[in-house]
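Engineer: Listed below, chain by chain, are the residues.
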Amino acid sequence: MRHATLSVRGRVPGIHDSRRVPRALHPVAWWIWALGLVIAVNRTTNPLLLILALSVLGFVVANRRTDAPWARAFKYYLMVALFIIAARIVFQSVFTAGLESGDHVLFELPHIRTPRWYAGVQIGGPVSLEATLSATVDGLRLGTMICCIGAANALANPKRALRVLPGALYELGMAVVVSISLAPQLIESVQRVARARRLRAGQRRGFRALRSIAIPVLADALERSVLLAAAMDSRGYGRTGPATRATRRLTATLLLAGMVGVCAGCYGLLNGSGPRLLATPAILAGAVLCSAGLALGGRRVRRTHYRPDPWRAPEWIVAGCGLISAVTLYFTSGYNAADLNPSFSPLRFPALPALPAVAILIAAAAAFAAPPPRRRVSGSVGVPDAAGGRIARPEVSA
Amino acid sequence: MIDFDRVTITYDGAERPVLREVSLHVAEGELCLVVGRTGVGKSTLLGAINGLVPHFTGGTLGGRVTVAGRDTAAHPPRELADVVGVVGQDPLAGFVTDTVEEELAYGMEQLVIAPEVMRKRVEETLDLLGLAALRQRPLIEISGGQQQRVAIGAVLTAHPRVLVLDEPTSALDPTAAEEVLAAITRLVHDLGLTVLLAEHRLERVVQYADTVVHLPGDGTAAAGPPAEMLLTATVAPPVVELGRLARWRPLPLSVRDARRRAGPLRARLPVSPPAASATGAATGETALRARQIVVRYGEVVAVRGVDLELHGGEIAAVMGRNGSGKSSLLWAIQGAGRRQAGAVAIAGRDPKDLPPREARALVALVPQTPSDLLYLNTVGAELAQADRESAASKSPPARELLDQLAPRIGDDAHPRELSEGQRLSLVLAIQLRVAPRVVLLDEPTRGLDYGAKAALHAILQRLAAQRRSVVIATHDVEFVAATCDRVVVMADGDVIADGPTPEIVVASPAFAPQVAKILAPLRYLKATQVADALDESRSLPGMVSG
Chain A
875 MRHATLSVRG RVPGIHDSRR VPRALHPVAW WIWALGLVIA VNRTTNPLLL ILALSVLGFV
935 VANRRTDAPW ARAFKYYLMV ALFIIAARIV FQSVFTAGLE SGDHVLFELP HIRTPRWYAG
995 VQIGGPVSLE ATLSATVDGL RLGTMICCIG AANALANPKR ALRVLPGALY ELGMAVVVSI
1055 SLAPQLIESV QRVARARRLR AGQRRGFRAL RSIAIPVLAD ALERSVLLAA AMDSRGYGRT
1115 GPATRATRRL TATLLLAGMV GVCAGCYGLL NGSGPRLLAT PAILAGAVLC SAGLALGGRR
1175 VRRTHYRPDP WRAPEWIVAG CGLISAVTLY FTSGYNAADL NPSFSPLRFP ALPALPAVAI
1235 LIAAAAAFAA PPPRRRVSGS VGVPDAAGGR IARPEVSA
Chain B
1046 MIDFDRVTIT YDGAERPVLR EVSLHVAEGE LCLVVGRTGV GKSTLLGAIN GLVPHFTGGT
1106 LGGRVTVAGR DTAAHPPREL ADVVGVVGQD PLAGFVTDTV EEELAYGMEQ LVIAPEVMRK
1166 RVEETLDLLG LAALRQRPLI EISGGQQQRV AIGAVLTAHP RVLVLDEPTS ALDPTAAEEV
1226 LAAITRLVHD LGLTVLLAEH RLERVVQYAD TVVHLPGDGT AAAGPPAEML LTATVAPPVV
1286 ELGRLARWRP LPLSVRDARR RAGPLRARLP VSPPAASATG AATGETALRA RQIVVRYGEV
1346 VAVRGVDLEL HGGEIAAVMG RNGSGKSSLL WAIQGAGRRQ AGAVAIAGRD PKDLPPREAR
1406 ALVALVPQTP SDLLYLNTVG AELAQADRES AASKSPPARE LLDQLAPRIG DDAHPRELSE
1466 GQRLSLVLAI QLRVAPRVVL LDEPTRGLDY GAKAALHAIL QRLAAQRRSV VIATHDVEFV
1526 AATCDRVVVM ADGDVIADGP TPEIVVASPA FAPQVAKILA PLRYLKATQV ADALDESRSL
1586 PGMVSG
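Residue numbers (my numbering), protein chains in the order written: chain A, 875 to 1272; chain B, 1046 to 1591.
For the record, the hints were derived by calculation from the structure and aren't laboratory data. It should be emphasised that the depicted structure is a prediction, and the values quoted were computed from it without experimental measurement. Honestly, I wouldn't trust all of these hints.
[To be verified] The calculated label-pair distances, taken between Cβ atoms and stated as ranges, are:
id	chain 1	residue 1	chain 2	residue 2	range
1	B	P1554	A	R1085	48 to 54 Å
2	B	Y1342	A	H1179	36 to 42 Å
3	A	P1058	B	E1169	38 to 44 Å
4	B	H1459	A	L1101	17 to 23 Å
5	A	G1112	B	R1341	30 to 36 Å
6	A	P1246	B	A1059	36 to 42 Å
7	B	Y1342	A	R897	55 to 61 Å
8	B	R1341	A	H985	19 to 25 Å
9	B	K1439	A	R1085	26 to 32 Å
10	B	A1536	A	P1246	38 to 44 Å
11	A	P1058	B	H1459	23 to 29 Å
12	B	E1168	A	L1092	38 to 44 Å
13	A	L1046	B	A1542	53 to 59 Å
14	A	H1179	B	A1059	40 to 46 Å
Just so you know, even glycine gets a beta-carbon here, dropped at the ideal spot from N, CA and C.
All chains should be modelled from the sequences, with the hints used to inform the complete structure.
Structural biologist: Right, here's the structure in full:
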């Protein structure tokens, strides 16, 4: 029975290995993996590599996401990516920068004469194939980066990821969690109030119309936050340990000083013109101060974790895959760096550099390394339906 | 377990205290029901138990509240989280996490309970409340009754000794409410928890209560056995009304008890109430004609080809479980909601084709959350705005309408500060200002106490007398039995039954009101009909037998 289920899924053989215990991968591992890909993608405008990266994202998401609502969001990120590409092409066509010699003209838009003091930008005019292609690739790069973040969101519950924050930042994390949960409710209440406005036939435009939507929605949101705060208070949120005003101030001072140190150090390192000798000690000192602040603040917050996500071999492998992609494309050694950013004038098909392609493909290994996710059907075996290809999901009694 | 010692609570800026010199003792393992009309301080009393009042809400507390030996003046709510569990009206508003399992664990994480203990308690609680199948499910995807059970489970995992529930079923449909109340009574019997419960659907819980705390409205509170307290309480479920009328002592609290006592009463009453269709299902001109209404949300069909015809002066109820298409039908008729197919004719015109201003003069809709229509700072401003919006209409000014519906609401009051019933009256006054022919009400009785429901009943009768038609989407069987001439039952987007209230309601075990169950096979729906019948038989002494 179980074997039949697996084959019906029709995905890559071996990826739904029944011997592996389904569990959620540590959210931080997914985020490292995704951010690694962001860094890698940021380095290249080679359309072949970008499309390869997108395929890797799609493959991993399709095989390792759960049934939860946030896991279904990946397609919206894909739509945003398409929109970015389209917008980039439109802007490139309208605000042309003029033709270069040897450009292939695709079509010509009506040209609008701009005043002389505005001569840098032209509006309309001939649109070349070369410029359009480079705009497409540029949009594709940004779109792929956004899809990386989307993949991380689909694969790891963002709220669970915030749970790993150190104790001192717990309150900050909680604020983010609450705002994440209130956002969908806010959208729902805007829709409800906007629909209800027709019932009263108030003004359609202007300040009063805005007010007739904003006031009920804000009042609603405020009421909800107060209810949530009361509920959290009643359930023991913020049972502070023996923390005095003095320790709180000390924590804040340490953290602030530490952050200033780290920022100054980073500036020194990246700028190059500053005194380079000071940079490393500043970063180190800043890091030490920050750690002290976090440790001191963390002592005050006493909490336990329910079923903490373990960090085992799959987590190392998934995070490592992302880092390998990032490192390979960041340090351009072992291949021709020009292949990462091929030029479209003169027009030619871009080459696929072997090493970066392999590095991006390695990120796909996450789909095999990560354990299969826990699906909703807990305790009941999925039954293949008559049409095949899908698992009939028994509805839990409502 | 819980002691109130001469407790007086005054909110900041209030002229007089909400609670005055209240002394109470709730013993361990008791199920204590807090009753009283809206706004008498039930929530204040319950909030004082875990210190939300005054630590969170502000105000001044006089006297002493102690729970399990801890004084709430010295312990804020979070320090009482391991002793008192609090569950509110809207479960979704209190959820902090995403999934059932994480929500159950959240409180324990705050209380620094060891991971192994947490795991064990979560599993036990999942079984105790029948949530095991839902453990991985996102909280927003499960039904309202399940959400409320999760909210109860989430406070139970901290192993509190007191459970405080403030109207836990008022936002739920009857099936979900039943589910939640069954879970609560099970907790009382199996775990010996001390439970304090405020609930406006008294008919569902009063038979399980050990004590009733009655707040008459003057700031005092009186506690006692349910059968004694309800003799004179300001709120009473239909079974108690009938018991008071028939002078049964001790007062029966459940349909079962009342039915066993009702033999002699049944023998005295004629088979049908004196004027069976007193409201007289209006005949004559058709006020509204809806044909083949279809409403779809993507692939989900909410209403599939429904026909509805209403006469002037008719009050009809649309009933059915949550998601059966009741609201969608009302919104589609009004024209403000979606309608993919079908036609509506009111005075020969379809409100969907008209601009909003003309549509609402034909058919007015009061939505489920009436406050969505209110956006000004004072009641006076809202009423003035309503007069401006409806200048063309001949009906009396909005102020006059409001005074008929709910007297004594000052111009200076903020609409958000009104009680549910007052807010509903305000919106109704605004919507009636244009004198619409048809009035649609979506779940108007949600959050109303018996008194407010009686007021709404009177308002609707007056509208019917003016030959206007009313359609109410509701779950409230008792209100339907008392008010509506006709019942339309919907399921899965279809109309599955349509007919006069007595026929539809008495025939169904799910929909039958308490009085009908007690007096079956006689065809009575409400206590007032019994009173009228008794009056009549008294005026004709020859008919009284025994």
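Engineer: Hints numbered earlier in the text: which of these fail when held up against the supplied structure?
Structural biologist: Going through the list in order, the structure violates hints 3, 5, 6, 7 and 8 and respects the others.
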